[in-house]
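Asker: Sequence:
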Amino acid sequence: KTLPPESRKMSMIFQSYALWPHMTVAENIVYGLRLRKMDRDTIAKKLAAILSTTKLEILAQRYPGELSGGQQQRVALARALIVEPETLLLDEPLSNLDANLREEMRFEIRRLHDEYRYTTVYVTHDQSEAMTTADLIAVMNAGKIDQLGTPEQIYARPESEFVARFIGASNVIKGVARDDNHIAFAGPTLQVVGAKLKAGQDAAVAIRQHDIQLSTQIPQGRTNAVKATVTRQVFLGASRDYMVETSDGTSLRVVTSTENAVAKGIEVWLTLPPERCRALTR
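Under my numbering, think of the first position of the sequence shown as 1, with each following residue one higher.
Errors might be hidden in some of the hints.
[What the hints assert, rightly or not] Derived lysine to any residue pairs resembling SDA-like cross-links, with alpha carbons at most 25 Å apart: (1) K144 <-> G200; (2) K1 <-> E27; (3) K174 <-> A134; (4) K55 <-> L67; (5) K227 <-> A184; (6) K196 <-> A184; (7) K198 <-> L214; (8) K196 <-> S215; (9) K46 <-> K144; (10) K264 <-> T231; (11) K227 <-> V255; (12) K55 <-> G65; (13) K37 <-> Y17; (14) K1 <-> Y17; (15) K198 <-> D126; (16) K174 <-> S160; (17) K46 <-> K1; (18) K55 <-> K1; (19) K174 <-> Q191; (20) K227 <-> A204; (21) K227 <-> P151; (22) K9 <-> L35; (23) K196 <-> S160.
[Claimed, not checked] FRET-style restraints, in silico, Cβ to Cβ: (24) V193 <-> F235: 26 to 34 Å; (25) D179 <-> E152: 25 to 33 Å; (26) G143 <-> F107: 40 to 48 Å; (27) M23 <-> H210: 22 to 30 Å; (28) K196 <-> N260: 34 to 42 Å; (29) R157 <-> P188: 48 to 56 Å; (30) K174 <-> Q217: 48 to 56 Å.
These are calculated hints, taken from the structure and not from any lab test.
Bear in mind the structure is a predicted one, so any value in this text is a computation, not a measurement.
A virtual CB, placed ideally from N, CA and C, is assigned to each residue, including glycine.
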């Protein structure tokens, strides 16, 4: 059954918030209720409740032009939620905010979602927003869903090279499968988990930068040890960011603690824990 847009029980929040500048905060919020011809007492009760939930009580009689970006965002959220939609649509609602306010509003949107429990579809290019607000993430590639899963599944168990590179920017190592869970790379054979492989097929391995262990000493009793040379080392305060190159010319990014800095040009050993090496076949 197809319903016209005006008959669908949903609310939408745009990037611009679309607040009416000639209406007060309260008037903007209750506009949908007035269109539905609710009585004054019901409107007043719903308005008081949503103003409290969104922390807008003292701003109720102000106009949008007198509000900050974060306050305008909360007004747009309140207006969308007060009509009790079955579905809430958000189109990059935080893109116009500065970085600090954007981070604050992520948690605010999640809090309101958990309180009202409406089905919410949230479109964003910001991975941090997706990880913070979502129960399920759909990663889109060329207009199609490449992978659907929880934030933990998407991050820790990517199913394709696109998802591995896009979410968290993993290292992706190309090689040839030796059997169903080993890939030849830069001399040694890597033990992997994930997709089942066939001997001889081209395959790839995804591993996060912080999952690779870097040492100037030869690892003892460890599998997946690869020799490399440091080509870059940057101190980031809480961590060190290395770029290293293996014997076959593959560049890998490694993020470690700040202890024991290794200078550019030094040969090192990388340990790639098998349980962190995700085999990819697409």
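Asker: Indicate, hint by hint, whether the structure satisfies it.
Answerer: We went through each hint and held it up to the structure:
no., hint, in the structure
1, K144 <-> G200, "violated (29 Å)"
2, K1 <-> E27, "violated (34 Å)"
3, K174 <-> A134, "violated (31 Å)"
4, K55 <-> L67, "holds (13 Å)"
5, K227 <-> A184, "holds (14 Å)"
6, K196 <-> A184, "holds (15 Å)"
7, K198 <-> L214, "violated (30 Å)"
8, K196 <-> S215, "violated (30 Å)"
9, K46 <-> K144, "violated (39 Å)"
10, K264 <-> T231, "holds (5 Å)"
11, K227 <-> V255, "holds (16 Å)"
12, K55 <-> G65, "holds (18 Å)"
13, K37 <-> Y17, "holds (23 Å)"
14, K1 <-> Y17, "violated (30 Å)"
15, K198 <-> D126, "violated (36 Å)"
16, K174 <-> S160, "holds (13 Å)"
17, K46 <-> K1, "violated (31 Å)"
18, K55 <-> K1, "violated (39 Å)"
19, K174 <-> Q191, "holds (14 Å)"
20, K227 <-> A204, "holds (19 Å)"
21, K227 <-> P151, "violated (33 Å)"
22, K9 <-> L35, "holds (14 Å)"
23, K196 <-> S160, "holds (13 Å)"
24, V193 <-> F235: 26 to 34 Å, "holds (32 Å)"
25, D179 <-> E152: 25 to 33 Å, "holds (29 Å)"
26, G143 <-> F107: 40 to 48 Å, "violated (30 Å)"
27, M23 <-> H210: 22 to 30 Å, "violated (49 Å)"
28, K196 <-> N260: 34 to 42 Å, "holds (38 Å)"
29, R157 <-> P188: 48 to 56 Å, "violated (24 Å)"
30, K174 <-> Q217: 48 to 56 Å, "violated (28 Å)"
In summary, the numbered hints that this structure violates are 1, 2, 3, 7, 8, 9, 14, 15, 17, 18, 21, 26, 27, 29 and 30.
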